[in-house]
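Undergrad: Each chain, written out:
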Amino acid sequence: MEFAIASGVGVLVAGGVYLLLRARTFDVILGLTLLSYATNLLIFSSGRAVVGKPPVLREGLQPTLAHYADPLPQALVLTAIVIAFAMTAVTVVVAMRNHADLHSDHVDGHEPGPPGATHGGDPQA
Amino acid sequence: MLTLLLALPFAAALIIALARGAPRRTIAWLAAAAPLLGLAVLAWATPAVMAGQVLSSSAPWIPQAGLLLTLRLDGLAWMFAGLVLGIGALVVMYARYYLSEKDSSPRFFGYLLLFMGAMLGVVLAGNLLLMVVFWELTSISSFLLIGFWTHRQDARQGARMALTITGLGGLALLGGVLLIGRVVGSYELDVVLASGDAIRASAEYPAILALVLAGVFTKSAQFPLHFWLPQAMAAPTPVSAYLHSATMVKAGVFLLARLHPALAGTDLYFYVVASVGAITLLVGAWYAIFQHDLKGLLAYSTISHLGLITLLFGLSTPMAVVAGVFHILNHATFKASLFMSAGIIDHECGTRDMRRLGNLRRYLPWTSALAIVASLAMAGIPLLNGFLSKEMFFAEALDAGERNGFRHAITVAALLYGVFGVAYSLRFVHDTFFGQGPRALPVEPHEPPVWMRVPVAVLVFACLAVGILPALTVEPILRAAVVGTLGPNAPDFSLAVWHGWNLPLAMSIAGVLGGLAFYFLLRRLFTLHDAMLRTWGRHLFQVNLEALFNAAGRFTERVAAGGIRRSLFWMIVLVVLVGAVPFLGKDAELLTGLPDPQPMPLLGWILWAILVISAIATVVWHGKRLTALIVIGATGLMVSVTFALLSAPDLALTQLMVEMVTIALMMMALNYLPKQSKQARTPFRRWRDVAISTVAGLGCAGLAYAMLVRPASPVSGEMLARALPEAYGANVVNVILVDFRGFDTFGEITVFAVAALVVHAMLRFARLKPDEVIPGPPASLPIPADLTQLLFPLALTVSIYLFLRGHNAPGGGFIAGLAIAVPVLIKYVLQGARAVEATLGFDYIRGIALGLVIAAIGGLGSLAFGLPFLTSGHVDLDLPLIGHLPLASALVFDTGVYVVVFAGALLILSTMGTVKRRRLEAEGKA
Chain H
1 MEFAIASGVG VLVAGGVYLL LRARTFDVIL GLTLLSYATN LLIFSSGRAV
51 VGKPPVLREG LQPTLAHYAD PLPQALVLTA IVIAFAMTAV TVVVAMRNHA
101 DLHSDHVDGH EPGPPGATHG GDPQA
Chain A
126 MLTLLLALPF AAALIIALAR GAPRRTIAWL AAAAPLLGLA VLAWATPAVM
176 AGQVLSSSAP WIPQAGLLLT LRLDGLAWMF AGLVLGIGAL VVMYARYYLS
226 EKDSSPRFFG YLLLFMGAML GVVLAGNLLL MVVFWELTSI SSFLLIGFWT
276 HRQDARQGAR MALTITGLGG LALLGGVLLI GRVVGSYELD VVLASGDAIR
326 ASAEYPAILA LVLAGVFTKS AQFPLHFWLP QAMAAPTPVS AYLHSATMVK
376 AGVFLLARLH PALAGTDLYF YVVASVGAIT LLVGAWYAIF QHDLKGLLAY
426 STISHLGLIT LLFGLSTPMA VVAGVFHILN HATFKASLFM SAGIIDHECG
476 TRDMRRLGNL RRYLPWTSAL AIVASLAMAG IPLLNGFLSK EMFFAEALDA
526 GERNGFRHAI TVAALLYGVF GVAYSLRFVH DTFFGQGPRA LPVEPHEPPV
576 WMRVPVAVLV FACLAVGILP ALTVEPILRA AVVGTLGPNA PDFSLAVWHG
626 WNLPLAMSIA GVLGGLAFYF LLRRLFTLHD AMLRTWGRHL FQVNLEALFN
676 AAGRFTERVA AGGIRRSLFW MIVLVVLVGA VPFLGKDAEL LTGLPDPQPM
726 PLLGWILWAI LVISAIATVV WHGKRLTALI VIGATGLMVS VTFALLSAPD
776 LALTQLMVEM VTIALMMMAL NYLPKQSKQA RTPFRRWRDV AISTVAGLGC
826 AGLAYAMLVR PASPVSGEML ARALPEAYGA NVVNVILVDF RGFDTFGEIT
876 VFAVAALVVH AMLRFARLKP DEVIPGPPAS LPIPADLTQL LFPLALTVSI
926 YLFLRGHNAP GGGFIAGLAI AVPVLIKYVL QGARAVEATL GFDYIRGIAL
976 GLVIAAIGGL GSLAFGLPFL TSGHVDLDLP LIGHLPLASA LVFDTGVYVV
1026 VFAGALLILS TMGTVKRRRL EAEGKA
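Read top to bottom, the protein sequences are chains H and A.
Per the numbering used here, the very first residue in the first sequence carries number 1; after that it's consecutive.
Per the numbering used here, the very first residue in the second sequence carries number 126; after that it's consecutive.
Because the hints were derived from the structure by calculation, they are not lab data.
Glycine residues also receive a C-beta, built at the ideal position from the N, C-alpha and C atoms.
Incorrect hints may appear among the rest.
[As the list claims (entries may be wrong)] Partial selection, computed: residues in chain H whose CB lies under 10 angstroms from chain A:
hint, residue
1, E2
2, G16
3, S46
4, P55
5, G60
6, T64
7, H67
8, L72
9, L76
10, V77
11, I81
12, L102
[Stated by the list, open to error] Derived, one-sided and incomplete: chain A residues facing chain H with beta-carbon distance under 8 angstroms:
hint, residue
13, H533
14, S692
15, L693
The shape of chain H in the complex, shown without the other chains (with noise of 0.2 angstroms):
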């Protein structure tokens, strides 16, 4: 099991890191989606895998780490999922002001020129 967990979260991360060499902005936020995906699982798992223990407490079962699976990274997790929300918003918000206003959906907020040409001009310009 722990094998399976480690290769999954080894394949989001190539894929979340490969998305974030490329060039235009919406394959770079999917890739932020995958690594953000990769990152919450490795810190649960930090946690370590266990089945069937959900840490809310039961009657008559001693409150121990032996009967309840670890709180403290998915509280952590718990968080970091909705903020990893907000901040797909803001990249997302940002990519759509890119596009519109500097019409092009690069991450340099150009096309690339030529070899030798200045950077940061507005293609418009």
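Following the hints, position chain A against chain H.
TA: Showing chain A alone in chain H's frame:
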């Protein structure tokens, strides 16, 4: 009382800043009130100080770090405080008439008083750390003063240079002080001064000395760091008169005097301080002769005199210290009056260039007389104060002790100094007030307002009084200051104008005659007016600064410029490399000797397969964006199920909700973005990126595996044990969120709120064009719309249920907030924004604020019971119909979370979804 003395200038600065609309007269009076009242306080303390008492007061600031607000007034501090306040008052009076209508007088006096307070802090501080704080404050406030004329480039450059040099010196001083504190065990001045032997004997002594002296030499403009002082002459003249005669540059030599019992007395100290002082003395005097700017000449002369004082403290004999302290006093009086005279000349003639001045005694008889007397004091002519300290210096230089060779060198330096000092004083007097001229002045010079001359007259009168009747005027002050400096080792001395025919007097006479001869010889041999001496320090500073900027620029160009893509690439490469170190290191046992993994159910493998395939498919199809979006949704769903499988129901629920809103969000974004990604035809780049991402993925997988199979020893057992008895909740994850780490959560919902507002702000006035518009009116979907109508109350109930049970079962504010956001989003899609907003009537921005306020109140509520922020209480309610309801006070906080998440999520989604509509409406109105 000492606190009051220190607080006066700061209070006055604050009042002036607040009353900046007041007339210039009032502002000037306010500014003058601070030093005048301060002098009154000082006068009150005088009898005690003269009797040898040390007044002090102390209050803790950061006692853990040894930083106390200790103020201490002994003879030395008293003398310096008198200088700072006395000359400060005169400078305020002078500046009142010097500043033109265009200069902002509240700003000027505000800065000046700030500086005055900082300087007072330096001299009054009885704690070395406190002194460093004020020391830095003098650097900063002098930066503001030197750069007061912000429209002038030389002022800006001079201010920057002064700040760089003195700021770096201040940093070195802080290091030295910290080392002293480590050796002595305290930063209190009394303790430090009493443990001189321990400091000198410690292994850190050379480092302490080097660092403290770096601070002293930068502040007091000692060679080779002297070059900032002439550049600082771009300041308004009252600033120069104050900073570069009496205060700022004297802070360095003050520190030498202050720490004399703690640091002086070793060979290292003697040779370093005395030789730096001697070199500065000669370099300053030599360059002063060849300046053409009045203030430039005075600046180099100041450097030279500071060198003299440093040299005297370096010689370290008790009488040399007496002479050093005495010269501080004398130099402050005559140099301040000379700067003010130079300011008057500049003010009246429109230039300070000595090549264009001359014969001014015809036009400005009073000013000329005063300035001539002051320059004679600078030259060290008998019956003026400069003479007395110069005699003492000569006597000390001649007093050959055991270090014979060095003493001879000092004697020669002293004689040369006598010659140069007379020569540049003569140049100042002769070129300005005698001879021919003035040439090509823009205005006809005439005497300035009488109140501009009064401060000069007061100072010149002091020069004369000290010079003629030293025993009656200055001797008690000097005695108190020397006792304050040296403590029990203070020598007995008496000041007299006439000591009989002796060697120092012969040297003085030789110096005056030599100076006269030298000056007229120079004039005879070549035209002094054409001489141009360039100094290297300033040039090197500029060159180095430029090189630094260029290097930084090139680095940025290499790494970051050329766009985000390149910098992102380098960032990832760097992270991968750093991450690889533990795997490659020699003693890395990250992946060896691991325990066996747990077995995996078949369902797990199916999940795994879907997850991996959909992740890969996302990458493969990323060019077709809609497809990629659907596939990535599957990945998110699998992550959610993984959470559910691995005992994390809260996470599974959250991930599920977030997945829905995220996908919806991105679909809306696609409306304004191209549907396809352009694929660059660069196989090299693609394979390079594949390689990097494979390495990154393998690394993360290895890390995750190594972590997963190791036994854990977490701290969270404590949290499980305490959840029910202390936080009254059975759902430990929720308890952590709203109680144990509630403050953290408060920060996170704030971030969420800010992100939502950012989205709103970015899109509110954006002019976005949809990529593609489907012709015709929106297709109506009656059946789903009706279904939503039915589903909505149900969803609302589920959400409230999830929320209420959150503390004891999976649920809570985050999940419930998203759970209500999703059905509202569906309503938006099916019924249109207008209809939804009409029925709900909900302002999301206000909602976010409301949620944050509720969360804050929930946290603050515990304060009413005398408990810390976010402490839980709880009640059990038995309500009719609903039944038994255990309520923890954290529920209020969770309500805040609920509202923020709901309102934030909907603000984001509704803003995204209604861009087009608002744009069209705006156009319709226009």
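Undergrad: Indicate, hint by hint, whether the structure satisfies it.
TA: Evaluation of the provided hints:
no.	hint	in the structure
1	E2	holds (4 angstroms)
2	G16	holds (8 angstroms)
3	S46	holds (6 angstroms)
4	P55	holds (4 angstroms)
5	G60	violated (12 angstroms)
6	T64	holds (6 angstroms)
7	H67	holds (8 angstroms)
8	L72	holds (4 angstroms)
9	L76	holds (9 angstroms)
10	V77	holds (6 angstroms)
11	I81	holds (5 angstroms)
12	L102	violated (12 angstroms)
13	H533	violated (65 angstroms)
14	S692	violated (10 angstroms)
15	L693	holds (7 angstroms)
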